[in-house]
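A.B. asks: So the sequences go chain by chain: A and B. Taking numbering that gives the first Met the number 0, the leading residue of the first sequence gets 0, the next gets one more, and so forth. Taking numbering that gives the first Met the number 0, the leading residue of the second sequence gets 0, the next gets one more, and so forth.
Source of the hints: derived by calculation from the structure; they are not laboratory data. Any given hint could turn out to be false.
Under the rule of at most 27 Å between Cα atoms (straight-line distance), these lysine-lysine pairs were calculated in the DSS-like manner [claimed, not checked]:
1) K502(B) <-> K325(B)
2) K123(B) <-> K106(B)
3) K478(B) <-> K352(B)
4) K502(B) <-> K444(B)
5) K38(A) <-> K352(B)
6) K395(B) <-> K38(A)
Covered stretches of chain B, as calculated for chain A (at least 3 residues, CB under 8 Å) [as the list claims (entries may be wrong)]:
7) 54-66
8) 597-607
Cβ coordinates follow ideal geometry from the N, Cα and C atoms, glycine included.
Chain by chain, the residues run as shown.
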Amino acid sequence: MISMWVALGAAAVLAISALATAWAQSKIGTAGAAALAEKPELAGTIVILVAIPETMVILGFIVAVLLILRGGGGG
Amino acid sequence: MIVPMARLRVLGPKDRFQAALGAVQDLGQMQLTQVPGREGIAAARLDARGEVRRRQLTRVLTDVDECVRTLAAGRARPASFEMHGAATPQQLARWTRLAAKTRREVKQLEARETALDEERALLKRYREFLVAVLPDVRRVSGVPQLTSHAVVVPAASRGVLDGLGAALRAQLGDEFSMAVHELPGGDAAIFLVLPARFSAQLEAQLHAARVPEIPLPEGYRDLPLEDAIPKMLLRIGEIPQELTACADQRATMWRARGEELLHARAAIQDWLDAATARERTAITSHAFAIEGWLPARSVPSFQQKLAAAAGPTLVVETIAREAWGKEDVPVVLANPRLFRPFEFLIALLPLPKYGSIDPTPFVAVFFPLIFGMMLGDVGYGALLAGLALLLHHRAKAGSALRTACEIALPCALFTVIFGVLYGECFGDLPQRLFGLHPLVLNREKAVFAALAAAIGVGVVQVVLGLVLGAISAGRHAPKEALGRGLSAAMVLLVTAALLAAFKVLPAKLFTPSVIALLCAFPVLIFAEGVIAPVELLATLGNVLSYARIMALGTASVMLAIVANQMVGAVGSTVVGLLFALLFHLVNFAIGLFSPAIHTLRLHYVEFFGKFYQPGGRRFEPFAHRGAASSKASSADSSARSSP
């Protein structure tokens with residue numbers, strides 16, 4: 000049985016990291032789209048730049064999973 | 000791999016210069032480079048007449064490009080288009096006339112289409128209003144004491160409406176009627192009927208309120224409204240036919256002149272390319288020199304073909320390796336057939352420098368592997384394979400879509416392989432339906448094992464990247480190579496220490512690993528400077544970044560399981576099944592996009608960051624632009640129109 004606090008903690012980890020990623024991607028994506036309109040050859044670089052902040056939410060997801068599993072959610 | 004290149008110099012008597020340059024263009028194997036200037040040697044520039052012709056042909060090319068762009072949009076290229084050698088002066092003159100005439104006609108056609116489009120848009124905008132007010136207009140036209148006005152109030156000035164109504168009421172009392180009709184975009188069309196004697200006052204009011212009359216299209220402005228409206232309504236039906244006639248005229252022009260325009264474009268580009276190429280060559284009062292790059296393996300065949308095409312008086316010599324730097328060399332990638340589609344992924348970045356490592360073979364192995372690890376589902380893999388085969392069959396040879404399909408096929412294969420290992424086919428269906436269990440890993444439950452596998456792939460790829468970096472740097476910077484090699488060893492030591500700490504490896508390995516790490520640390524600082532600890536931490540961060548393989552994989556399998564649970568969760572089995580299918584479809588779409596992006600990112604950032612040296616220049620041989628032009632014989636070079 001997952002305790003309420005563990006579940007809330009996991010949800011907070013995921014939500015905060017997702018919000019941070021979304022904010023960063025919105026900024027990078029806007030600038031990237033503008034750059035792409037002028038220089039289509041930058042597509043590869045922009046894909047990388049947009050994907051970089053996703054590390055935050057992915058690590059957030061992993062921490063959330065670890066919290067739930069370690070916090071008595073299962074094994 | 001990056002193809003080894005050779006720099007060649009072609010020397011010959013001055014009277015063979017044009018033939019030699021033409022033959023080099025016909026062969027299309029050599030990228031010309033600037034011949035170093037020396038005393039008594041000058042670039043073979045165009046004379047004043049040639050410069051005039053260059054300017055003229057540049058203008059003609061602009062015309063031809065514009066014509067082709069406008070006429071060829073959405074139409075097939077003429078099947079018979081083929082280049083047959085260089086253009087003659089007569090051809091160039093004819094194409095100049097053809098381009099000017101076609102451009103003029105195309106412009107007229109475009110102007111006609113634009114006018115028709117605008118007229119149609121205007122009529123459509125007011126159609127409902129015109130239909131609504133037509134009966135009133137007819138009634139008013141039969142009563143000479145009355146007059147009518149149709150005006151439009153822009154959306155931004157809607158406040159004027161109330162003011163106008165109040166002002167008219169104050170001046171005219173109840174002797175007027177005002178019908179308001181909403182237009183698309185928020186504007187309002189107003190139809191006013193009032194005694195004719197107040198017409199001047201109304202116009203003054205409208206002028207004061209800055210409300211314009213409805214802009215009738217040209218041709219209707221001088222007609223009374225009761226005559227103009229029926230004609231305009233009729234006209235709405237005529238415009239599409241006229242637009243179709245314009246499109247037919249375009250198609251007819253393309254059929255009649257498309258082939259010649261394409262031929263003209265290729266020939267003019269050839270001429271201009273040759274003019275630019277001349278400036279890279281050198282010429283004396285008796286001889287000429289042409290220098291350029293070509294793949295080293297092509298040198299013997301190039302020498303033979305050039306001698307056959309331009310005569311035996313030419314001398315072709317290879318310039319010694321010591322005389323040129325790597326920075327100037329263009330880059331050609333050559334990989335086995337299976338790996339070649341993955342060059343497309345390398346082309347999204349700047350090319351690797353000449354003399355560095357081509358990452359294509361590594362990408363060809365790791366990209367499908369990591370993609371398969373993430374998606375890992377027999378059903379999705381089979382779907383992906385089917386989709387890739389279908390699109391591959393339909394895509395044109397050499398198109399980006401076909402290349403993408405060729406990349407997708409090995410990805411699908413690895414997805415199926417990992418699906419078997421994970422025991423997944425559209426999620427947990429094998430377990431639900433047949434009670435089958437995963438062969439190696441249950442991603443739904445064994446999250447830690449999946450995480451360890453993902454990090455393991457990260458260790459392998461990052462260490463490989465560091466080793467490649469060490470090999471690449473070893474050729475010119477031994478200290479940097481030492482640093483890279485040591486970093487690779489330290490990543491392995493950290494991994495061994497962690498595995499020993501968690502009892503995956505024997506616990507007695509922990510102490511030796513830590514001692515080795517402590518010993519390696521000062522050497523690393525010696526090799527890479529004080530920044531070394533930060534670099535090492537960043538490298539370990541790169542390894543941890545591979546955790547996304549597990550994260551995306553877990554998300555994918557969880558979504559698939561949720562989809563399967565929908566069958567039983569909704570009252571009706573059929574509705575549940577439909578929901579499940581829809582959810583699987585969404586998961587499949589996400590499963591194609593997300594793993595592809597993240598696998599690319601892992602390669603570009605984590606893997607390439609350790610060894611990739613961008614900055615290479617693409618190999619662009621001096622060749623004819625048209626199809627099959629390389630077969631053109633240079634025997635007619637004396638008759639060609641030379642720059």
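A.B. asks: Output the numbers, in ascending order, of every earlier hint that fails for this structure.
C.D. replies: Of the numbered hints, 1, 7 do not hold.
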